[in-house]
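Knowing the structure of chain U, use the given hints to seat chain F on it.
Listed here are the chains, written in short residue letters.
Protein chains: 2
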Amino acid sequence: MHVDVGNALAVEASPGVPEDALERLDDRVRDAHEHIVAGMTREEFGYAALNLPKTADPAAIERAVEPFADSEVLLNVGIGGSALGAATLVDALGGDLDAHFLDNVDPEHVTALLEDIDLSQTVVHVVSRSGTTAETLANFLVVRDAMEQAGVDWTERTFVTTGPEGNLRDLADEHDLPALDAPEGVPGRFSALSTVGLPAAALAGHDVEAILAGAREGRAALTGSLFDCPAYAYGATAYALDVRGAGINAMMPYAESLETFAEWFAQLWAESLGKDGLGQTPARALGATDQHSQLQLYRAGPRDKLVTLVRAREREDRGIPDTELEGLDYLAGGSLGDLLDAEFEATEASLAESGVPSVRVEIPRIDERSLGRLLYDFEAACVLAGELYGVETFTQPAVEWGKDAARGLLSGERGLPEKTELVVE
Amino acid sequence: MHVDVGNALAVEASPGVPEDALERLDDRVRDAHEHIVAGMTREEFGYAALNLPKTADPAAIERAVEPFADSEVLLNVGIGGSALGAATLVDALGGDLDAHFLDNVDPEHVTALLEDIDLSQTVVHVVSRSGTTAETLANFLVVRDAMEQAGVDWTERTFVTTGPEGNLRDLADEHDLPALDAPEGVPGRFSALSTVGLPAAALAGHDVEAILAGAREGRAALTGSLFDCPAYAYGATAYALDVRGAGINAMMPYAESLETFAEWFAQLWAESLGKDGLGQTPARALGATDQHSQLQLYRAGPRDKLVTLVRAREREDRGIPDTELEGLDYLAGGSLGDLLDAEFEATEASLAESGVPSVRVEIPRIDERSLGRLLYDFEAACVLAGELYGVETFTQPAVEWGKDAARGLLSGERGLPEKTELVVE
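Chains as they are written, first to last, in the working numbering: chain U, 1 to 425; chain F, 1 to 425.
Note that these hints are calculated values from the structure, not bench results. Source: prediction; values computed, not measured. A virtual CB, placed ideally from N, CA and C, is assigned to each residue, including glycine. Do not rely on the hints blindly, as some may be mistaken.
To be verified - Derived contacts from chain U toward chain F, CB cut-off under 8 Å, selection only:
hint: 1; residue: Met1
hint: 2; residue: Thr132
hint: 3; residue: Lys275
hint: 4; residue: Asp367
To be verified - So, partial list: chain F residues that the calculated Cβ filter (under 8 Å) puts toward chain U:
hint: 5; residue: Val5
hint: 6; residue: Glu108
hint: 7; residue: Val142
hint: 8; residue: Leu286
hint: 9; residue: Ala288
hint: 10; residue: Gln294
hint: 11; residue: Pro417
hint: 12; residue: Thr420
hint: 13; residue: Leu422
Said to hold, decoys possible - Computed footprint of chain F on chain U, listed as stretches where at least three residues anywhere in the stretch have a Cβ under 8 Å from a Cβ of chain F:
hint: 14; stretch: 103-112
hint: 15; stretch: 190-203
hint: 16; stretch: 252-259
hint: 17; stretch: 308-317
hint: 18; stretch: 328-341
Bound-form chain U, shown alone (with noise of 0.2 Å):
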């Protein structure tokens, strides 16, 4: 992974990152390495995570997979990291396999998924390290019904990645289905490179060894210094940025298949991240479309941003045919990839112009290597940050209060505290 964190320093940006500033943080980031290093030696909560690439088992996810090897049709039923990293995979590499995340409860896309595929194509994957989260058993139990109501035997269609207890597990003793582990210690959005994320990239025909094969390229990538650690240099300068007042990170890649990329990096970055009044809030954005929606509120608007510029460096190109239309001369003889790369390098300018920090992050190209370095780095860049906060990076205590909430109003037990109303309609 390529990192350019030039336009984030502060002889072009404001915010920005003064050179010197960047080397007394290279000390706290030494220090953060031993300490993610002890972490990992000791397979730590959380810091497990960054030892995927050499514990995960390749071949357990295939041999869970092989049976449905002929499916059409995927349905994931997860949410939150039981989907983000599945779909980033699936999203960035393509294929045949239609693929479908169900990670919402809302029935009325529920009902118009259900109906519009061929159940009797389709392998179920189930996914839920407690085996007890509410949106995805609901779903899951929706989906089983409407296989039942056509004829399709579901046991022989689905197959679960969950932990050694709750509710999905014992599904799976009982009626005997293919049941991967969720990795121990790995918290749901640190798991696209595992039992968690991986299988749905299998079953799409990708090369899963070759996606860990990338990112134990990352691992061997850490250092203990910034400037020799792609990885630590985004997370450093991200870190930095923000404590100097660009609290939110525009994630923008210019490439339609990953989008999905900024939306598992907003998971990531926003849960790990965001406690104790801290944390860098992800924008999620998409080159160069956005330059026609947020980039006016990115170079004019108020200086708390940060905008990260993600590009793959080779791509399947295509030419714009020659044209009588007067005044577009200028994309005569070239190409939709020229296009989309002036596009890149013109706003990367003109944010710098405005004295707005960027960092440009490139891969080589879209495909599992790549992608596998690319997410093993922004995990290694969040938890290195989640160090230089001082937070804890792989819990997400807030989110409790209201799982507790809906899950007391929906059993009648409780309700809620009166609310404040100030209604206009």
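Chain F alone, transformed into the frame defined by chain U:
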């Protein structure tokens, strides 16, 4: 439209708006409203958008799309405001039309899309007010060429919406294509309820007149007080929270079909208000999914956010089947809609519990009339907010630099300023 700003008041939230501050702000709302009405009366640039419910001509739109009524696929070629309004309507309202919005210049995406659809069954709507937008023209040239290669007469399957001059107008004249006039005085991001956004809805079989009727309701509801006008209640509260520190507006609809609405809102809000160092940064979210992604940050991160919760009060529901699984009795006899509503209310309460301001927006259901009202009211909210900030709501000067630079790069006429590099790889 029902707007409840109770949870944005200072008695509930920090930042929050003291109720007497809202009352004082209402004087400014009254003045702003007078200014808005004057602009509407004179059909001034931008303000003219708020007259679209009266000035749009649904019959002309129906006539333009009528020759293409049997098309199975819509390819909407346009970017930014020339895509998002149409996409918002079609994604929300559904229908059998297979609609695609070519709003990026990613060659791999364009190629995959063109290989995937039956061009002989496709209607192409090319949308550019100026008629010269680089991305749109490049994509159109590619689409036209693909149709020719496939033996499809593109002149029989294409219509345009554009201004009085430019490449697209010339093209329509030369090839006798049906051509709709882009509305005068209406910036792209305010053009959903016009010849820009409505043709896609018409092609998908929706009642354009009902959409406009909903918008007319919104227009009739514009009054000089935020306490009487839901659009102004929203715009004034968002503004009042921003100036008190809530620089981020997380737009979180609880309906998959409104996900694109959040994108439309993000453009409207960012490009209209993001200037002079001012403007609230929109963050697109989706309920209930993002409870498992962004909620941790919203509740426990920096106190810089307003969360806007949007839902429809009625929908087609789907029961959750009974289950033998233990511990799920709280779901028994319920529906996915019950679960979604419980999550909506629990999330709203959980934000209040941690003192994070939120606003609740409800529409009766997701249909033509309600959508027209929703879009109109958010446009009016944005125009009001622009008055309160004192910015030029209807321009986007900060994007020109990058457009010129990209054009210079492509034509080879000029390069970019030298870039500061600090590369780690």
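We went through each hint and held it up to the structure:
1. Met1: Hint holds; Met1(U) Cβ to chain F Cβ min 7 Å, cut 8 Å.
2. Thr132: holds, 6 Å
3. Lys275: holds, 5 Å
4. Asp367: The hint is violated - Asp367(U) has no Cβ within 8 Å of chain F, the shortest such distance being about 12 Å.
5. Val5: holds, 5 Å
6. Glu108: holds, 5 Å
7. Val142: With a minimum Cβ separation of about 6 Å from chain U (threshold 8 Å), the hint on Val142(F) holds.
8. Leu286: holds, 7 Å
9. Ala288: This hint holds: Ala288(F) lies near chain U, its Cβ roughly 6 Å from the closest one there, short of 8 Å.
10. Gln294: holds, 5 Å
11. Pro417: Pro417(F) check passes; min Cβ-Cβ to chain U is 6 Å, inside 8 Å.
12. Thr420: Where the cut-off is 8 Å and the nearest Cβ of chain U is about 4 Å from Thr420(F), the hint holds.
13. Leu422: holds, 4 Å
14. 103-112: holds (count 10)
15. 190-203: violated (count 0)
16. 252-259: holds (count 4)
17. 308-317: holds (count 3)
18. 328-341: holds (count 11)
Hint violations for this structure: numbers 4, 15, all remaining hints satisfied.
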